[in-house]
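Participant: Those sequence lines, one after another, are chains A and B. Residues -12 to 256 (the working numbering) are what the first sequence spells out, left to right. Residues 56 to 147 (the working numbering) are what the second sequence spells out, left to right.
Each hint should be verified, as a subset may be incorrect.
To be verified - Derived DSSO-like pairs (lysine-lysine); straight-line CA-CA distance at most 30 angstroms:
#  : chain 1 : residue 1 : chain 2 : residue 2
1  : B       : K77       : A       : K223
2  : A       : K98       : A       : K161
3  : A       : K86       : A       : K63
4  : A       : K86       : A       : K205
5  : A       : K223      : A       : K20
6  : A       : K(-2)     : A       : K205
7  : A       : K91       : A       : K65
8  : A       : K98       : A       : K20
9  : A       : K98       : A       : K205
10 : B       : K77       : A       : K(-2)
11 : B       : K75       : A       : K(-2)
12 : B       : K77       : A       : K161
Claimed, not checked - Heads up, incomplete: computed chain B residues facing chain A, CB under 7 angstroms, no partners named:
#  : residue
13 : T72
14 : A73
15 : L80
16 : Q81
Claimed, not checked - Ranges of calculated distance between the beta carbons of each label pair, as one might list FRET restraints:
#  : chain 1 : residue 1 : chain 2 : residue 2 : range
17 : A       : C170      : B       : D104      : 54 to 62 angstroms
18 : B       : L106      : A       : K91       : 36 to 44 angstroms
19 : B       : R91       : A       : L157      : 18 to 26 angstroms
20 : B       : Y112      : A       : G156      : 24 to 32 angstroms
21 : A       : C170      : B       : S116      : 55 to 63 angstroms
22 : A       : E95       : B       : S116      : 39 to 47 angstroms
23 : A       : E40       : B       : S121      : 48 to 56 angstroms
Since the hints were derived computationally from the structure, they do not count as laboratory data. No residue lacks a Cβ here, since even glycine has one placed at the ideal position from N, Cα and C.
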Amino acid sequence: MARIIVVTSGKGGVGKTTSSASIGVGLALKGHKVVVIDFDIGLRNLDLIMGCERRVVYDFINVINGEATLNQALIKDKRINNLSVLPASQTRDKDALTKENVGKVLDELGKIFEFIICDSPAGIEAGAMMALYYADEAIVTTNPEVSSVRDSDRILGMLASRSRRAELGLEPIKEHLLLTRYCPARVAEGEMLSVEDVVDILAIPLLGVIPESPAVLKASNAGEPVILDITSDAGKAYQDVIARLLGETVEFRFLQVEQKNILSRLFGG
Amino acid sequence: MALIDYFLQKKEHRVTTAFKAKERLQIIVAHERSGRNKQPDYLPQLTEDILHVLRKYIQVSDRSLSINFDNKGGDLHVLELNIELYDENNTD
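In isolation and in its complexed conformation, chain A is listed as follows (with noise of 0.2 angstroms):
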C-alpha cells in the first residue's frame, strides 16, 4: 500500500512546494518509486520548482476529466529513475476536485507507486481539503513564526476532523511538524520562537528543522530542488527529514548557533 503523505500549512509561502520537492527527490534517491501531486490548481508551481515546467502537457485536471490519461500526464524526472510529477492545471477550474475523482487517481497512482506525495495549496478552501482528504500522514510545514504557527493549528484541527480518516473513524492521520526557515541566531537573541516552543504550542512529533538558507532560492532558481545541493545546510536537513520518515532516528542538525572559528572571528568573516 502506497503512503500518501500531504505537505500542508495552512498559511502560504512557507516552504510547502520546497518541502514537496524535495521530499519526493529524496526519497527517490533513495530507491522508492515516488509520485509529487501539485494540488495548487490554478496556481501550478511545482513543476518549476522541480525543473520541469517545459515538459508540461497534461495535467491533474486532463486527468480527471478523461482528456488524458495518468501516463500521458506523469512527468518522469531527469535526474532521478523511480520519481514522476503530476502537474496542476494552470486554468482555474474551481470545482474539478471532487473526492470520487481525486480518490480514482489516487487509486491509480497506489498501484505504481510506493510514496504519493501531495503539495497542497495554502488555504482551508477546496483545493487544501481535497489535497489531505485521504493523507495517511501530514507534514504540517510551519514558520518559527505567529501566522503560521497559528495556521498550522487551524489545518491540524482540519486533518482531525475533514480528512477520510477522520470520517470513516480509522486510524488518524499521522502527524510531522517540519519547522522551515529557522535561524538559531534569533532564537539565541529571544526574536524568534524556538524549536521547543513551536513543539510546545503545537504538540506534534517533530519531524525535522530547516534552516533559513540561501541555497533554497539558489535551488528553487535553478529549478533544482535543495536536497539536491548537498552541501548545504537546507539540503542536509532535508536528507535527515528523509531518514526519519524512513524511520531511522536521526539527531537534529542546525539548531545552534555555528561556532566561528578564531580566524573568522578575528578577521570578522
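Model the placement of chain B on the given structure of chain A, informed by the hints.
Facilitator: Here is chain B on its own, set in the frame of chain A:
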C-alpha cells in the same frame, strides 16, 4: 519612584519578543481549539430524549446511540445521529 521605575523597566525589557509570541500563541490556540469542537448545550438533553423515545419501541443501550454535531465551516452545520440496533447474535 524613579528607582522603582528603573527596576520595573529593566524587568520588562528582559521579556523577549519570542517569549511574547509564545504566550500570545498559547492563549489564542487554546481558545481556538476549545471552539473547534464546541457542541451545542442542548446535545446531552437531546440524546436523553431520543433514547427515551427509542426505548418505547426498541431495545437500545446508552452506547448504541451517538450524536455528533459538526461544523462544516461557514453556515453549514451537520447533526449526525447514529443508532446501532441490538443484534441478538452480538454478545456486546
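Participant: Which of the numbered hints above does this structure break?
Facilitator: 4, 9
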